[in-house]
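Asker: Please construct the entire structure, taking both the sequences and the accompanying hints into account.
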Amino acid sequence: MENQLALELLDFIKESPTAYHGAHTVKNLLDKEGFKEIKESEKWNLVKGGKYYVMKNESAIISFEIGQGELEEDGFRLIGAHTDSPTFKIKPAAEIKVENTYVKLNTEVYGGPILSTWFDRPLSLAGRVALKGKSPLKPEIRLVNIDRPLLIIPNMAIHMNRSVNEGYAYNKQKDTLPLLGFVNEKFEKDGYLLTLLSEELGVEKKSILDFDLFLYEYEKGCLFGLDNEFISAGRLDDLWMVFTGIKALINSEANKATKVMVAVDNEEIGSLTAQGANSALLKTLLERIALALGKDKEGFFRALSNSVMISADLAHAVHPNQVEKHDPTNKPVLGGGPVIKMAASGSYSTDSYASAIFQAVCKEGGVSCQKFVNRSDVRGGTTIGPMSAADLCIPVVDMGAPLLGMHSARELAAVKDNYLTIQAFTKFYNI
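The numbers in this note's numbering rise by one with no breaks, and the one at position 63 of the sequence shown is 562.
A hint or two may mislead.
Stated by the list, open to error - Once the Cα atoms are required to be at most 25 Å apart in a straight line, the calculated DMTMM-like pairs of lysine to aspartate or glutamate come out as:
no., residue 1, residue 2
1, 915, 541
2, 673, 598
3, 755, 619
4, 870, 795
5, 513, 698
6, 547, 786
7, 588, 728
8, 755, 573
9, 588, 646
10, 673, 728
11, 862, 573
12, 590, 711
13, 637, 703
14, 550, 536
15, 555, 709
16, 794, 569
17, 542, 571
18, 796, 569
19, 671, 607
20, 603, 711
21, 547, 569
22, 830, 571
23, 794, 536
24, 590, 718
25, 526, 718
26, 755, 571
27, 603, 530
28, 513, 711
29, 538, 826
30, 796, 728
31, 862, 646
32, 547, 703
In case anyone wonders, no lab produced these hints; they're calculated from the structure.
Answerer: Structure below.
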């Protein structure tokens, strides 16, 4: 069972090279389970026991099952994660010719990738393309995935960079531009990218107005280790938590509470977008659920007062070669179960009340859990947790499954933690 779930996770990630594809992979899973898509522009007619989802910007998706109880009394049970991962975004007018021989692409760093891990790997391109629509105000959007090895960021030979193993400061404008191919007359006239996209989508070049394209590591993730106990894959942060949350929502039983799985975009760049957590998106959709169920504003706020959220965004496991980088008394390990994340700075939303909720959920589900706190002399990251807690004014526990190599092109996790996290999330929805 544990290995089968891990293989499902690897398939999910392979089908989700960008946030856009991740949201649509979730959509496909929900469609198979009888969830109904509803649009922001439509009037919502929701019923108890109904299963629905809403997409935003093609890259965020919020799915929910209406509880059998009364919303103002039984509240929302939320799990939140994000669909985006650190990578490189293709700039406009991206093609650069070198020595009239090579063609490379101009890129901009998205989020905080570990740059060195992206070198000398087969890469490809995916994202979305905006085409001319029936109205200037309504471009047609098409997803695209060049599903083959297409690019590479070549390293400089050590003979020409003798100090590379002593620490090298990569220049994001100069060193990380991927090689696309040789100068080619077939592509020269109308542009390499436009020709590639038009052929891939089967559209005329003149119909392409713009695009959002990102690099991704092409090779599929794998299981490895003495007993296949480890997972190696890109984009585990945070597609892994999207996967576990969706599995839990689908597998959970109907109960009084309204269960919500939130998969927003742009966490890696601060979430301040229409489809990010630092927007009115989630609160607006929750209020619309209340209104569609015949509740008034007072009923909505009462529902929030009886709600709780899990912010799921992975956690740092103790590194086998760098144990000293961790807090002396809080050292989560791979295979030890989901990790509660805490910070006196408020960069994680967990307090003792929210922590107690998650610990009790894990205990009821027979799931071991761990705790993470940064070393006091190390500045950590943050998540969608604090902004969600501040906006909704509800308890939000920040947690994540333990991970090594966070933000590497290839991250490392444990098969057991995938299983345990799904168990914990399913129990949370079932209570």
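Asker: When the hints from earlier in the document are held up against this structure, which numbers fail?
Answerer: When the structure is compared with the hints, numbers 1, 3, 4, 7, 10, 22, 27, 29, 30, 31 and 32 turn out to be violated.
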